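Quick mapping for you: the protein sequence lines, in order, are chains E and F. In this text, residue positions in the first sequence follow our numbering: the first is 90, and each later residue adds one. In this text, residue positions in the second sequence follow our numbering: the first is 90, and each later residue adds one.
Quick caveat, the hints were computed from the structure, so don't treat them as lab data. These numbers were taken from a predicted model, which means no experiment stands behind them. Treat the hints with care, since some could be wrong.
It does not matter which identical chain is meant; a pair holds if it fits inside one copy or across any two.
[Said to hold, decoys possible] Under the rule of at most 35 Å between Cα atoms (straight-line distance), these lysine-lysine pairs were calculated in the DSBU-like manner:
id, residue 1, residue 2
1, Lys248, Lys137
2, Lys152, Lys248
3, Lys152, Lys173
4, Lys248, Lys173
5, Lys137, Lys152
There are 2 protein chains.
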Amino acid sequence: MQVKIKEIWAVPKIGMEPIRRQQLIQATMEAIDEVGLADATIARIAHKAGVSTGIISHYFGGKDGLFEATMRHILGDLGQAIRKWRDSTPDDSPHDHLHAIIRANFDRSQVDRSVMKTWLAFWATSMHRPDLQRLQRVNDRRLFSNLCHQFHRVLPHDKARNAARGLAALIDGLWLRGALVPDGFDTERAIALAYRYADEQLAAN
Amino acid sequence: MQVKIKEIWAVPKIGMEPIRRQQLIQATMEAIDEVGLADATIARIAHKAGVSTGIISHYFGGKDGLFEATMRHILGDLGQAIRKWRDSTPDDSPHDHLHAIIRANFDRSQVDRSVMKTWLAFWATSMHRPDLQRLQRVNDRRLFSNLCHQFHRVLPHDKARNAARGLAALIDGLWLRGALVPDGFDTERAIALAYRYADEQLAAN
DNA sequence: TTTTATTAATTGAACGTTCAATAAAAATTG
DNA sequence: CAATTTTTATTGAACGTTCAATTAATAAAA
């Protein structure tokens with residue numbers, strides 16, 4: 090029944106799944122960077138990845154599934170960055186550990202333009218989608234309890250909790266303000282401000 | 090040419106424009122609160138405001154215009170809150186002025202659920218729409234230069250700028266984290282943390 | 001042969017916008 | 001004052017477009 094001009098069909102290769110998933114997640118972030126989530130249609134994403142639209146439903150079940158997978162990918166990168174900076178620290182004093190967490194949150198993988206825009210879209214969307222909201226809260230709590238644990242090695246309960254709350258907010262705020270300015274994000278300045286806050290909280294025991 | 094069952098037509102009353110604009114802006118925020126910007130269709134908004142879809146284009150030129158007007162309304166409320174808290178302060182010391190700015194940013198008009206969700210949608214959308222981006226930057230700069238001016242009455246240039254940058258980020262971060270938790274936003278705790286930061290910066294001259 | 005991989009074409013729902021119709025109210029004219 | 005024209009306010013059906021999702025077709029690989 091189909092009308093065809095040429096008898097050219099795609100050449101299936103085995104083991105394409107992980108490659109296609111990666112390609113489509115990357116294309117999703119790029120599309121969001123270019124036109125925003127609302128206009129990041131599956132046709133646009135598929136074209137950018139060099140595949141047809143059907144493949145998105147095939148591997149991710151649909152657009153929603155692709156977006157969630159993209160966000161999980163970014164969260165995975167953040168977790169990796171935290172491990173990387175933690176392991177690169179000489180000793181494991183609260184001071185060094187806090188600095189590592191701060192550095193990780195401003196890691197190159199997190200301040201990339203397309204990643205930052207995807208984060209913003211994620212926040213706005215997560216408010217109406219329970220599945221994304223859960224993802225968001227898990228991440229939120231992890232940052233908070235990480236910070237809390239480190240502060241608690243030096244400060245009493247309440248002070249540690251408040252210090253963690255403040256530092257978590259400062260990190261998010263610096264990151265948000267960095268994301269919202271169109272021109273470059275001065276990461277080092279943001280890191281320096283967060284370091285200062287962390288150090289002051291540690292000193293006030 | 091229209092097919093009618095009943096001979097009932099709307100009863101136009103003069104001077105409806107400001108009333109309709111207010112109704113539609115309110116309905117927009119409620120719709121965003123309920124289903125998010127993407128699903129806040131003009132049909133839904135119009136129904137919620139108790140008017141027909143055509144009226145949105147009539148008064149706002151379209152959906153985009155309505156969203157921008159909604160955001161301008163929220164920004165206007167923020168400006169009003171800043172004036173309110175500034176005027177309610179006994180003297181105009183840097184300390185009191187900073188506290189007033191902090192209070193205004195956590196004013197009831199700004200921590201309302203529908204307002205917070207609209208803010209989030211605004212941030213995500215502003216990244217791809219120059220008109221909204223300008224609106225966003227004007228607001229950003231106003232907060233920063235307000236803070237900077239107050240800190241500068243006590244601190245030298247560089248320290249004032251860093252203190253302002255830090256406090257602006259802390260305010261935004263506390264606000265963001267408050268917006269993202271589904272259950273209530275502990276405004277007083279956020280205000281207390283911001284106060285503490287402001288006070289510590291003022292003391293470190 | 002079945003499974004995996006993929007595409008092009010198609011479908012149907014949803015959406016924003018436009019527009020003719022309608023009438024009260026206000027302004028203008030005779 | 002009465003008759004008319006214009007302005008303001010409003011509706012809701014119709015239109016055209018855009019999407020996400022589905023489907024039939026295709027073939028290499030297992």
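Hints versus structure:
For the homomeric pair Lys248 and Lys137, neither the shortest alpha-carbon distance inside one copy (49 Å) nor that between copies (46 Å) is at most 35 Å. In the homo-oligomer, the alpha carbons of Lys152 and Lys248 never lie at most 35 Å apart, since the shortest distance is 44 Å inside one protomer and 47 Å across protomers. For the homomeric pair Lys152 and Lys173, the shortest alpha-carbon distance inside one copy (32 Å) is at most 35 Å, but the shortest distance between copies (45 Å) is not. Within a single copy, Lys248 and Lys173 get their C-alpha atoms as close as 28 Å, and across copies as close as 32 Å, so both meet the 35 Å cut-off.
Proximity of Lys137 to Lys152 under the C-alpha cut-off of 35 Å is found in both arrangements, the shortest distances being 15 Å within a copy and 29 Å between copies.
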